[in-house]
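Join these two chains into a complex; the hints should help.
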Amino acid sequence: MSTVSVVVPLFNEAPNVPPLIDAVRSALPGIDWELLLVDDGSRDGTAELADEYASSDERVQVLHLARNFGQTAAMKAGFDHARGDIVVSMDGDLQNDPADIPRLIEELRRGYDLVTGYRENRQDKVLTRLIPSWIANRLIRRITGVQIRDTGCSLRAYRLQVLRSMVLYSDMHRFIPAIAVATSGARISEIPVRHHPRRHGSSKYGLSRTWRVLLDLLTIAMIRSFRDRPLRMFGLASIMIGECGLLFVIAASLAGSTMPASDNPVVFTSTAVVLFGLATYLFMLGLVGEVLVRQYWRPREADLHLPMARERSW
Amino acid sequence: MKLERTETFGPALRAEPEFREPSPEELDVTVVVLLETGRLDAQAICREYEPPLRKLGLTYEFLFVNGSGEAGLGEAMRESIHERGSVRLLEAGQAVGESTVLRLSVEHSRGRIILTLPPTLRVAPEALPEMIRRIEEGSDVAVARRWPRRGSWVNRVQAEVATWLLNLLTGSRFHDMTCRVSAIRRSVLAEIPLYGSHFRFLPVIAQREGFRVIEVPVEPHPEGGHTRVYRPGVYLGWVIDILGIFFLLRFTYRPLRFFGSLGALFGLMGGGILVVLVIQRFFGGQDLADRPMLLLGVLLVTLGIQAVALGLIGEIVVHFQASRGSTYRLHRSR
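First to last, the sequence lines map onto chains X and F.
Using the numbering used here, the first residue of the first sequence is number 1, and each one after it goes up by one.
Using the numbering used here, the first residue of the second sequence is number 1, and each one after it goes up by one.
Just chain F, with the same shape it has in the complex (with noise of 0.2 Å):
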């Protein structure tokens, strides 16, 4: 998946120092960033996790994403990236998702791997070498699991709760969900397509996609895991993204499976309803006209009818685009 510059970002994608097409697979490993207002700036980042990859002698780079549209994030921190040599900023003209951060790194990183880092101490710095290490043994992508947890009870709580629905609706075995302190091949990366909220869920699309997932417990970093409460709108966001996910997951080819088992749960329940209204109608004497319920079975009987045609429109998008693309993924190593 090739991301057209111009179409997302225009003339006000910049990067600084003066950019150069990156030629690939020239570095080792690309630290990428994205930076938010009010969390840790790029110079927080690398005094923090810097060393533990220079220790590693690996060639590596920082790639920090201002993913905010506000040039302010950007300005503040050129100086503190000046002074160092590997250490680069992408600047988007607009507001831009995570998940388009992730493929735009692809693009823009020089190094086999890229190491994803969110802009707050979640994994002690050590945990960097550990998943890069399990990378190099050929796993395609390795995610952090902070264990044993530490900090606040509500953070683990909340974590824990999305991370088990997830797994409850896509059948995965993953940890810690919410960490996305995750190392992958960056040629790996290239081949998943990513975008809105997907980002979240990295290495559960990876592994369905046939690629070599691994769960690394690291430790969590001592100064972080400050208790984080969000708004209940992002709670019920996290909420609506792992639905989505479960259904693109199972039914992206087969949404008759879905709509039409949906469909035929609603109509058999209307169907009930009506059928025991006409057996009352015409055995017990009971008049139809002045029976709320058979406005309840029509309903449920409509709802049923309208999933089945839902499913049917999409199986027939479906039809037209399975001969495009293939369906299967080989094995990269055989």
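Chain X with its partners taken away, still in its complex shape (with noise of 0.2 Å):
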């Protein structure tokens, strides 16, 4: 019987500590697990009230970082000493639901990678929180690749490999299972979860980050296409500036013939040069970007596991 790991990251949830671990403890009956609460620097008593539950029931486990060094890296704190071949993560508001990582875990048994849940009928405020997230999920389908309809769910079940291979930083928690399928090959499934509404303590997300997963979502999208040929991608850039420089050159050419001798189109000219030197700088920086790659380039866990990948995708 293999063990299953659940991690937790908490970021100030001491009113949900208790129900969580007995949730967990009552959604898990015949199977040996583990339970990993990663205390993520909170301010409110998590960790002492975590530390008692973990004193009296060996299977809980507390992981203490040093100060809040957010839920990616709470995460990968979890991911990295958990000890199951399956590791089960899931947010720490009693929003998901422990009773369903059974199923979680059935379907990951069927041959996958990853198994994310996605929520039915979620339990949040529809103007901050449900139609920013549509929006987001249709842009992280769109630029990931990655098919799953709830990006935003965090209750999902992992085989170890997966993990022991993804590359996880930055914020990057909220694209797990595009970064699964692009650094470890994974092979993913999606099945419907419940949702509860919040009960204890605030959420901690606000519209205010968009702006940034805007930006991470522009280093994902840039990752998956060029992260081995970045050349391609600034060269293109640069090409298609280059030819905005020669559209201005012909316009120079065009109103120096057309104008007086006296109104020389010095501005046009200039802006020419302008362009020209910013497509020199990008492909300049394209071959920086080569130099780079070919210092750090390692094969991914997907490239070295093509023939593997191929014989699951049947």
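In case anyone wonders, no lab produced these hints; they're calculated from the structure.
Glycine included, each C-beta is placed from N, C-alpha and C at the ideal position.
Just some of the chain X residues that point at chain F, by a computed CB distance under 8 Å:
hint, residue
1, L63
2, A77
3, V167
4, T219
5, P265
6, V267
7, L278
8, Y281
9, L282
10, V288
See below:
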């Protein structure tokens, strides 16, 4: 029988800790499990409360981050310390229901590497949560190319090998399925899970993150398409901008022939020069990128196990 | 971070009296002092700061580091050093910065607590026991804050401004960043990667790494506080260092957040100008060819694109590097 590690990052979730632990306990009968609570530098006594529970149940473990490192780092810490060959992640706010975990595991055993839940009947505010989330999901699907309905649901089950080869940093926890596909070649499935309204504590999310998420998406898009050939990206941009410069050269010569000689079209000419400069700069930056990739490049898990991946995707 | 001694210093590294590989945690406290030309010599510092340490009943040593690369600085005090058993001199074969000295001191000191002192009289001798006590109580780093401040108002103003700027940009809440008298657990110092001018920001970096940093108000030294005015370049250097640490602390793992935002700002300004110009060209009948505004708009857009491109290059580096090393730190004591 395999072990299941449940990883829960906690940031100021003290009131939710006791019901969370109880829920996990009762959700996994007949399964060998461990619960990894990762305290992300909470200031409301979450850590102490979790420690108290952990001391009475050896299946519950608490990891203490030295300060608030953010959700991605907290999840990474949990993943790094997980011992089970199946790992489940979920939020600590009890909006996910641990009772769904057995179904996730069942789905994982059907031959997937990552099973993510999608929330049916989401219990959140429409204007500030549901609508932005709808737009974000569409955008993320489009940019990452990974077709899942609900990227914001953190109730997921993973095979440990997938986590070990996954590159997780910054605030990339939002895009775990996409990263799992991109860096580990994971096979993904999606099943509906329950979603409860928040009972205790307050949400740590807001609309302010929109801009940051957009920039992160740009990163993901770039990594996905150009991680091993940056000159393609910079070269294309360079050529496009060079063409704009050419347009201004043409405009300058046209203006030069129609205008009186006293009105030299110096503005068009200078604009063209600026654009050619930019084109050159971008091309050179692309070359620097190539040098970097040559220094750093290593094969991904997905590259290494191509035959396996092909075999699985019947 | 283990420093390759041969690489940095070559065979010119000498420690006096006869250097032996110090076994770690042998003593309680090592006082590390970087000697500078024209500042106090080792004897004066020992005379001033040794009595309170002796009274404390802990074992201690003084480790003076001649990081100037001038042999004379060390020669001059060799005699005074031989008089005392608890004093050692470390000579670097070339000029090294204070960050390097701090990292060296991890390797060469025997105390489990490292106390850093500048070669000037900044804090009263009684401050040292107090700072050591704070470390014994469980803090990882204790930094001195001279309070109440005395002496020259010129010193005070420049210190205040530097500290204010640092706090503003890094979100830290320290009060005296120019004092640089601090007590650090040796094991903690070993884990903080210090280089370049980062020694100035040791408490900020330590805090960001997740260590417990505490500020200790201490008496300033009664004889210290002479007005110090530096060349303008020095102040400029401070500002640049602070900007650098601000960027590194916030954006090391997410360069595109910085360069992308900057690029978007420039791009929007330039784009706005271009849109206005195009509207005026086609609906206002104004010629485009004789308008220098066009150049400004294109330049701003160019700058924006350059910023974003740099950010993307940064993200490539981060992506490849992120899988090595971890991005979090667990609490030491639990």
